[in-house]
Amino acid sequence: MQYLNIPQLESEVSYQGKTYEKIIFLDVDGVLHDYGIDYQSGQQIIDPVRVGRLKKIVDATDAEIIMSSSWRYAYQDFCLHQYQSENPSLLILQKYLDYFDLHIRGFTPYIGFGADSRPLEIRAWLLDKTDTKSFVILDDDDFNWQWLNRFLVRTRETISDDEDNPQYLYGLEEHHVQQAIAILNQFD
Amino acid sequence: MKNYLDSGLLDQAVRTNADQKNTKIIFLDVDGVMHDYSTEQIVQEERVQNLKKIIDATNAEIILSSSWRLSYPEFLEENQLTEYISDHEYECFAFFNQMLEKYNLKISGFTPYSMLGINGRPLEIRTFLLDRADVSSFVILDDEAFNWQWLKPFWIQTKSPIGINEDGSLKFCYGLEDFHAEKAIRILNRFD
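Going line by line, the protein sequences match chains A and B.
Sequential numbering of the first sequence, starting at 1, is according to this note's numbering.
Sequential numbering of the second sequence, starting at 1001, is according to this note's numbering.
Read the hints as simulated data drawn from the structure, not as lab findings.
Heads up, a few of these hints could be off.
Straight-line Cα separation of at most 25 Å, SDA-like style, residue types lysine to any residue; simulated pairs [said to hold, decoys possible]: (1) A/LYS133 x B/LYS1106; (2) B/LYS1106 x B/ASP1178; (3) A/LYS133 x B/LEU1130; (4) A/LYS133 x B/ASP1178; (5) B/LYS1021 x A/ASN149.
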């Protein structure tokens, strides 16, 4: 349990003086793009259409975005270096976030690996937030979500459940947007 | 908040049970759940029967979140009057225990103690849940409108309006009813 002090301090940094009534926990891979697709040309690994859908959720709910994706390690570093990076993926992500006037307000703490890690990191972030009224988790992965399933919008659709070669479609779609808005606004 | 988080209470709160998966939890308040304030009974047997109904249908564990937990653990340990347990408390705890034993119910643990006020109990429950990856679902049986926020879908309020008093204020009854038990079972079994 030694780790508990560290993530709390991290979350307090982004918490001071702000209210976080509604929260979007944002995964990136499989949410803001479909794996393996080269959008447009070059190295466009983020789909601007999916970022636009994220914007729709924010506009309809006034939610704040907390990054829960493994991208947060590189993105935190990117922020600390005044948004300078040689990593084209980060630059592309930031370009689309800027275009849609979206801001990453914070990050879940880093606790570990495995099926229990992301749910634990989200519970740790939520622990001291007495003002958080509702939240949604945008994620494509099969973590051990347990009761957090109630707040999960899974951005992965099965298009072929062939045991040897299952096919999935990843990414934030219109129906996910509606689902996320309903979860975030359920207590309004 | 920071003092609380650094105080070590978190460590006390965590009861990791790595081998066990898909645990269901009932966070149990006592006053207003196990009895109606209008009765002199400390615990009403029909409320205990309703709690038993939930356990039988879900196999959930009971975690005491009530303020009773501040001295009840000592009662369990000592099973006698101590300087921290008053005569009245002793009588209440003994009767509560008797009822639990009669229906083969067990208190498996306690939420940690954090602070008073509307944010206290929700924080204590969030703290309990923090490191419990094995918890698949839970319900909160409580009569009081704490600042539950996103915990609301898991909360069953055992306080219901039953009319209007002479002074125009609402009149309430308290206690775990059959329909509360049915709702608790639905929530606890939702992800089965």
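Inset, instruction - Check each numbered hint from earlier against the structure, then list the numbers of those it violates in ascending order. - result: 1, 4
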